[in-house]
Amino acid sequence: MFPTAELVAGAIDVTTATELRGSITNYRRYALLDRGSYQVADVGQSNVLDRTMSRVLGLAGELLGRVVVAHEIRALRLEAGDYLLARHDRVHEDRPLELVLDLSPVPVAAEIQYRRLGQVFFRVPASPRSLAIVQRTPAITCNHTYISKLRLGVEVVRLVVLAR
Amino acid sequence: MRTWCAATPFPHLVIDDAAIDPEALLALLEEEGVARYEGDLFVFEASPPEPRSAELRRVREDFTAAYCEPLSRITGTQVTRIDMRAYAYRPGHYLLPHTDHQDGLARQLAYAYYLPSPDEPAGGELELFTVTDDATTSASLILPRPNRLSIFEVGDHSLHQVREVLAGLRLSLAGWFYP
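If you read the protein sequences in the order shown, they are chains A and B. Residue numbers for the first sequence follow the numbering used here, beginning at 1 and rising by one. Residue numbers for the second sequence follow the numbering used here, beginning at 1 and rising by one.
Keep in mind that a hint or two might mislead.
As the list claims (entries may be wrong) - Taking CB as the label site, the calculated pair distances span:
1) B:G76 to A:A70: 39 to 45 Å
2) B:A106 to A:L150: 46 to 52 Å
3) A:R151 to B:A139: 26 to 32 Å
4) A:G58 to B:T132: 29 to 35 Å
5) A:T137 to B:R73: 47 to 53 Å
6) B:R52 to A:L32: 50 to 56 Å
These aren't lab readings, by the way, just hints derived from the structure by calculation. From the three backbone atoms N, C-alpha and C, an ideal C-beta is built for every residue, glycine too.
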């Protein structure tokens with residue numbers, strides 16, 4: 001049986017996405033360029049985060065028919081020229097759920113690619129307010145595609161949650 | 001050889017006016033044909049790993065005859081054969097930072113020969129990086145000038161990229177030298 005890989009459009013409303021995106025400010029740049037170029041932030045407790053997590057965990061729970069609990073949350077911000085390569089991805093022996101909530105202000109020509117044995121089996125477009133729900137296994141890797149410098153000024157913000 | 005070893009961030013050299021008739025090389029690309037390749041590391045168009053046309057195989061033989069012996073002397077690494085593919089980078093195409101080194105492949109030297117383009121590219125520079133434990137820093141930028149050959153040593157340290165092409169068309173022949 002294939003692992004879960006679903007995309008939910010419009011998972012949260014525009015106001016919540018804007019408020020949550022604005023609340024994340026402590027980004028630091030990762031720049032070991034043979035692995036990735038991006039900004040990452042820990043996400044502190046807040047009312048908007050609580051509301052958002054309740055919503056996304058609820059959506060994942062509905063899909064799987066069980067309670068889903070978050071155990072790691074971080075935010076990624078990618079601008080023109082940024083990317084995360086598959087070799088930078090972690091091996092997930094414990095088979096967590098990966099929930100990726102797109103907090104980008106506008107759609108961007110970029111995607112997350114989930115691969116099995118190197119072949120892309122699930123593409124997550126940078127589509128504001130969408131939620132990707134992916135069952136990770138040790139055989140699945142993930143990369144965030146390069147953001148073209150032909151579109152200077154764009155920004156992709158993703159809330160990445162590992163859950164069980 | 002002293003110049004080769006002293007080059008930073010890792011041994012490399014650039015040879016201008018590398019071929020006698022670059023326009024003729026450009027013409028053979030139309031015969032060879034390219035297809036789109038896409039991975040997490042790259043988007044570009046390239047010919048198959050083994051040339052389709054007798055003309056490109058002949059160019060590969062000519063490069064082998066012209067460069068293996070002098071490069072063996074200059075680099076101190078004995079090389080006797082090369083592979084060769086044609087590459088076309090259009091706007092939005094790139095090859096992100098990587099080393100070319102893979103156990104078991106015996107790549108000794110990497111090369112790229114830049115062809116004249118009917119639409120001169122912006123971007124597409126070959127960028128070489130200095131690597132430390134906690135950072136990678138741009139150290140050298142080689143412009144893809146027509147009839148220029150760039151060569152560098154392949155190893156764990158040879159981190160490089162082809163910067164995104166922002167306009168025009170970047171055409172090259174590229175591959176590796178082997179023992």
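Tested hints:
Between G76 (chain B) and A70 (chain A) the Cβ separation comes to about 56 Å, which falls outside the hinted range of 39 to 45 Å. Between A106 (chain B) and L150 (chain A) the beta carbons are some 37 Å apart, a value that contradicts the proposed interval 46 to 52 Å. In this structure, R151 (chain A) and A139 (chain B) meet the distance hint of 26 to 32 Å, their C-beta atoms being roughly 27 Å apart. As the Cβ distance of G58 (chain A) to T132 (chain B) is approximately 45 Å, the hint placing it in 29 to 35 Å is violated.
Range check, T137 (chain A) to R73 (chain B): Cβ separation about 51 Å, and the 47 to 53 Å hint holds. Taken as a hint, the range 50 to 56 Å is violated for the pair R52 (chain B) and L32 (chain A), whose Cβ atoms sit roughly 38 Å apart.
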